[in-house]
Amino acid sequence: MSTGPSGITVSEGRGDVEAEDVPALEVEDLEVAYAGVRALHGVSLVVPERKIVAVLGNNGAGKSTLLRAISGMLALHGGSIEGGKARLHGRTLSALDPAEIVRAGVVQVPEGRRVFADLTVEENLRAGGLSSRGRGERAEARTRVYDLFPRLAERRTQRAGLLSGGEQQMLAIGRALMSEPRVLLLDEPSLGLAPQIVEQIGEIVATINEQGTAVVLVEQNAAMALEIAHRAYVLEVGRIALEGTAAELAASDEVRARYLGVAPDREVPAAPPSTPAAPARRGARELAAEGLTVRFGGLVALDDVSLTVAPGSTHAVIGPNGAGKSTLLNVLTGVYHASAGTVRYGDAVLTGLRPPRIAALGVSRTFQNLALSPASTVRENLLLGRHRLTKASFVSAGLRLPGARREQREQVRAVAEVAKVVDLEDQFDHPVSDLPYGDRKRVELARALCTEPTLLLLDEPVAGMNADESRRMAQAILRLREELGISILVVEHNMQFVMGLADRVTVLDFGRCIADGAPDQVQADPEVLRAYLGSHRVSQEERR
Amino acid sequence: MTQFFELLVSGLSLGCIYALIAMGFVIVFKATNVVNFAHASVLMLGAYLVARLHDGMGFVGAVLASAALCAVAAALLDVIFVRPLRRRRGSVDALAILTIGLNIVLGTELSRRVGTDLLPSGAPWGSNVTHILGIAVPQTRIAAGAIAIVLMAAFWAAFTYTDWGVAMRSTAADPQTAALMGIRLSRVAAGAWALAGALAAIGGAFFTSFPASGVNNATGLLALTAIPAAVLGGLDSTAGAVVGGLVIGVATTFAAGYQDEISFLGRGLSEVIPFIVLLFVLLWRPSGLFGTRELTRV
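Protein chains in written order, with this note's numbering: chain E, 1 to 544; chain X, 1 to 298.
Simulated from the structure, these hints should not be mistaken for laboratory data. Because the structure is a prediction, the values reported are computed rather than measured. Cβ coordinates follow ideal geometry from the N, Cα and C atoms, glycine included. You may find that some hints are simply not true.
Simulated coverage check for chain X against chain E, where a stretch passes if three residues somewhere in it have a Cβ under 8 Å from a Cβ of chain E [to be verified]:
#, region
1, 29-37
2, 252-266
Computed far set for chain X versus chain E, every beta-carbon distance over 12 Å [unchecked claim]:
#, residue
3, W125
4, L185
5, S186
6, A218
I would like the entire structure built from these sequences, with the hints used as guidance.
Shown next as structure tokens:
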């Protein structure tokens with residue numbers, strides 16, 4: 001038994017695929033291209049009836065493309081099937097449009113949940129059931145969904161946008177079940193959810209499967225996926241790299257190292273603890289927040305939170321979803337206003353300043369959900385980060401006066417330098433929309449660095465990344481701190497990621513600060529374990 | 001004071017007509033992301049058909065027939081011209097320019113058919129006036145207001161409670177996910193266009209009734225003033241369309257009724273007042289009164 005990055009225990013998988021398995025969904029030699037660029041190269045896979053098939057792979061490996069191709073959604077994304085096909089019980093799906101594919105019995109739960117935020121829970125389910133004709137069938141399907149997710153029944157008249165991330169995921173799955181699919185496609189159901197919710201989602205998927213639905217589970221969270229799946233495929237750059245039963249893959253070295261984060265060389269290289277505050281070369285100052293409180297209407301998002309980031313140190317803020325982590329970042333950067341409390345950076349008081357003023361003080365951030373200009377190239381996105389350091393007025397830039405041209409050249413050079421640090425040289429002139437997710441995250445990081453910050457705020461830098469990618473991200477962050485001597489504040493809910501990285505950790509839960517201290521100290525704190533892993537996990541720990 | 005109330009009542013009733021027209025505009029935008037300038041010529045088509053048909057089948061029959069024909073015509077515009085462009089992922093501006101082209105072609109053909117004639121709408125109320133609480137109200141205005149309110153209520157109920165409404169709202173919120181749920185986007189789109197066409201026809205019939213004298217070759221231009229109603233309410237808000245319509249209706253009626261008092265602004269202000277109101281509202285709220293502002297959580 002081994003523990004994956006999410007804290008889920010990997011068991012033996014669920015037995016072998018029996019010889020008499022009837023294939024429900026078959027994908028044969030699928031070739032997909034977006035505007036001439038190949039995304040899938042001859043991918044074949046078989047989903048037997050009543051089985052769960054996991055598809056693992058890095059960001060940009062082609063997992064979402066595969067699901068889009070099966071669901072007939074490629075045209076809406078500017079892609080097309082160049083060869084091969086998908087068949088359901090022998091019937092070719094590739095010629096059908098998305099609505100007909102749903103009626104044939106294949107339904108997809110899209111990545112990022114995508115519930116209809118302004119519709120109520122009940123209306124969302126109704127939208128999912130529109131493809132089935134009979135009143136009775138719909139009522140039956142709805143009863144089944146409410147049985148699976150009692151939480152949704154409680155909230156049936158609420159608008160979906162007001163549900164928590166976990167509840168939205170349940171709603172997205174429930175909505176797809178309304179058409180009683182024979183094959184359910186799940187695109188990253190665990191993305192952005194706290195470990196205990198991920199575990200719950202995993203159990204639900206297993207239950208749905210036991211009730212007779214075949215499942216294709218595309219996941220970053222390999223531990224959860226392999227625990228419940230019967231078979232698994234690993235996609236790498238548009239090709240099937242590995243396939244086998246879930247148990248075989250869970251035991252293979254390659255999968256363990258790359259996707260389960262149990263590399264022989266241990267996790268993240270631990271931050272040298274002997275360097276308390278590496279020399280603050282760029283003049284990093286102390287960030288001190290005191291008694292921060294943020295209220296949205298009656299809701300208290302942050303309740304009297306205080307923390308101090310020492311100059312040149314790496315400080316982590318962790319906590320489950322909805323703990324107030326992003327709110328904290330938004331207050332620090334001036335996007336939200338604090339109802340009470342102050343934030344100081346060195347001598348400057350940040351509370352009450354507008355975002356551009358705060359950026360001018362050397363505070364820069366990245367976003368949890370990417371906030372890049374998709375049509376622009378990496379170079380252009382990074383140049384945006386140089387805006388604060390650009391002197392030429394728009395008139396001289398517009399007239400291309402010599403001074404402005406010289407400055408432009410210097411800026412491009414500076415930006416290229418940063419791109420090298422985060423390993424984006426090769427993608428420098430590609431539009432951001434062409435890059436896989438992991439690369440985009442690094443573009444964000446690079447853009448933040450382009451402002452030459454003395455304090456860098458990172459909002460979930462490894463959200464949606466697999467173990468391998470997060471390890472590389474951690475190394476990049478460590479390198480930055482070492483080389484630039486800036487302070488870094490990381491917001492994460494991946495506890496493992498933070499432990500090897502931070503000098504100090506603050507834990508938030510329901511807007512309150514429940515622990516603050518050195519990583520190992522915080523990790524052992526019983527209250528943190530309870531908030532973070534759920535009491536169920538704690539009792540397991542105690543049993544050991 | 002009596003004049004004020006007369007104008008207000010009359011303005012609100014005209015506003016209801018504007019609201020019907022603007023609502024069609026908004027529905028098309030929400031369901032298909034098309035800013036449909038051809039709406040104006042569909043309205044003129046509706047008014048023209050009512051004027052041509054009412055001799056044979058009576059005013060009510062003519063309005064119903066015209067609504068049905070305009071629904072078909074609008075749906076055909078969508079299927080024949082807009083859908084192929086949308087399939088190939090045409091941008092919002094390309095689609096809007098396409099509809100401007102359609103509007104010109106259709107509008108020109110209708111103007112040619114109308115020629116220099118003035119075709120009365122044939123509304124049975126004519127220019128009759130009813131006195132309510134000492135206020136003189138033209139009967140067309142009462143009928144227009146009542147019908148508009150009934151239609152809006154029916155529309156709201158359908159939007160809220162029926163399968164069609166759920167499909168429309170899901171598609172408006174997130175077309176890709178709606179498609180993944182098995183909702184047929186092209187059907188929803190054609191349905192939205194058809195509904196908008198029917199609403200435009202009904203609006204057109206009242207638009208050209210008393211105090212207007214009938215369909216002439218400038219009706220299409222006049223119909224364009226309904227677009228500010230949709231935009232100022234917020235292009236993606238049906239409630240906004242209603243409020244926007246009422247605002248434009250009242251503003252137009254007041255500008256016409258008080259034109260002697262405000263003659264320093266020039267005569268014929270009522271024809272441009274929708275655009276002036278629109279300008280000021282947009283300066284104050286760039287997404288319209290009820291439009292969704294581009295908001296993202298960071």
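Now for the hints, and whether the structure bears them out:
1. Under a criterion of three residues with beta carbons nearer than 8 Å to beta carbons of chain E, the stated coverage of the region 29-37 of chain X fails, only 0 such residues being counted.
2. With 0 residues having a Cβ less than 8 Å from any Cβ of chain E, the region 252-266 of chain X misses the three-residue criterion, and the hint is violated.
3. W125 (chain X), annotated as away from the interface, keeps every beta carbon of chain E farther than 12 Å; the closest lies near 40 Å.
4. Its beta-carbon lying about 8 Å from the closest one in chain E, L185 (chain X) breaks the requirement of being farther than 12 Å from that chain.
5. With a least beta-carbon separation of about 8 Å from chain E, S186 (chain X) fails to lie farther than 12 Å from that chain, contradicting its non-interface assignment.
6. Every CB of chain E is more than 12 Å from the CB of A218 (chain X) (nearest about 40 Å), matching its label as outside the interface.
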